[in-house]
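Undergrad: As a plain string of letters, each chain reads:
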Amino acid sequence: MKLAIAGKGGSGKTSISGTLARILARDGHNVIAIDGDSNPNLALTLGIPAERMSDLPTLPRDLLRRTPEGVQLNQTLEEVCDSHSLRGPDGVTLLVMAHPQHAGTG
Amino acid sequence: MHATVRSVIEASGDTPKDICILDTEASPEHLSRGTAQYADAMLAVVEPYYKSLETGRRMSLLAKDLGLPRVALVANKVRDERELEAVTEFAAKHDLEVAAVIPFDERMPEAERAEAAPLDHAPDAKAVAAIGELAQQFSGNGRGNGRA
Chain A
1 MKLAIAGKGG SGKTSISGTL ARILARDGHN VIAIDGDSNP NLALTLGIPA
51 ERMSDLPTLP RDLLRRTPEG VQLNQTLEEV CDSHSLRGPD GVTLLVMAHP
101 QHAGTG
Chain B
1001 MHATVRSVIE ASGDTPKDIC ILDTEASPEH LSRGTAQYAD AMLAVVEPYY
1051 KSLETGRRMS LLAKDLGLPR VALVANKVRD ERELEAVTEF AAKHDLEVAA
1101 VIPFDERMPE AERAEAAPLD HAPDAKAVAA IGELAQQFSG NGRGNGRA
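Going line by line, the protein sequences match chains A and B. Residues in the first sequence are numbered from 1 upward in steps of one, following the working numbering. Residues in the second sequence are numbered from 1001 upward in steps of one, following the working numbering.
Mixed in with the good hints, there may be bad ones.
Dumping the calculated PhoX-like pairs for lysine-lysine here, alpha-carbon to alpha-carbon at most 20 Å [said to hold, decoys possible]:
#, chain 1, residue 1, chain 2, residue 2
1, B, Lys1064, B, Lys1017
2, B, Lys1051, A, Lys8
3, B, Lys1051, B, Lys1017
4, A, Lys8, B, Lys1064
What follows is a list of derived Cβ distance ranges for each label pair [unchecked claim]:
#, chain 1, residue 1, chain 2, residue 2, range
5, B, Ala1114, A, Ser38, 38 to 46 Å
6, B, Ala1086, A, Arg61, 27 to 35 Å
7, A, Arg87, B, Ala1114, 41 to 49 Å
8, A, Thr76, B, Asp1124, 18 to 26 Å
9, B, Ala1092, A, Ala50, 22 to 30 Å
Quick caveat, the hints were computed from the structure, so don't treat them as lab data. Where is the CB? At the ideal position from N, CA and C, for every residue including glycine.
Go ahead and model the full structure; you've got the sequences and the hints to work with.
TA: Encoded structure:
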């Protein structure tokens, strides 16, 4: 199940995303939570302390390649997660698209 | 960044055990760039006032245009019957599904101020329970509604 959560800033979408991710992980799912916001703060609602975010390397710019089938990742998602994600409470894998240090204040 | 988000979602696992949750950008614009193209469902989180509902409606239309199998509103911070009615009336008028109603709960902003996860800070909060019910709709473990 691939689930996109949208909403205005302040609507509570990030609290809902983080809580859904944690509950579904407790339920026995393999959960990848992707922070696609340019002002990322999904980590906090997942229960990952801000200090740990500084350990997270920025996603490389050359992550995509063009193929006849369209644009694809040039490594497996597992490889991307191995090097560029954090493991949070209940085993949720967090992948942050825009690095906090390159975005606005949290 | 939009193409990367799209490709990551495309590459994420497809078994009932796999869940991929994308917390999208706050502006509806990203949806027209197809960030959520490979999602099975999009939930637009709305608050019970007109501007928020209207943004939710715009986001829902964009997601339906992308051909997502399920598009629904999640009403958040709902304080009373009157607010609930405002949301359900708006949804009915625009032919939108309301997947969940999450009550206003002071313990949610409280968790935010404490820089903690709602699930750790206030595990017994009403809002957390409502999100738990929503989660069951997407659970592949047979306790949901079979949409996973």
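Undergrad: Please list, smallest to largest, the hint numbers that this structure does not respect.
TA: Those not satisfied are hints 1, 3, 5, 6, 7, 8 and 9.
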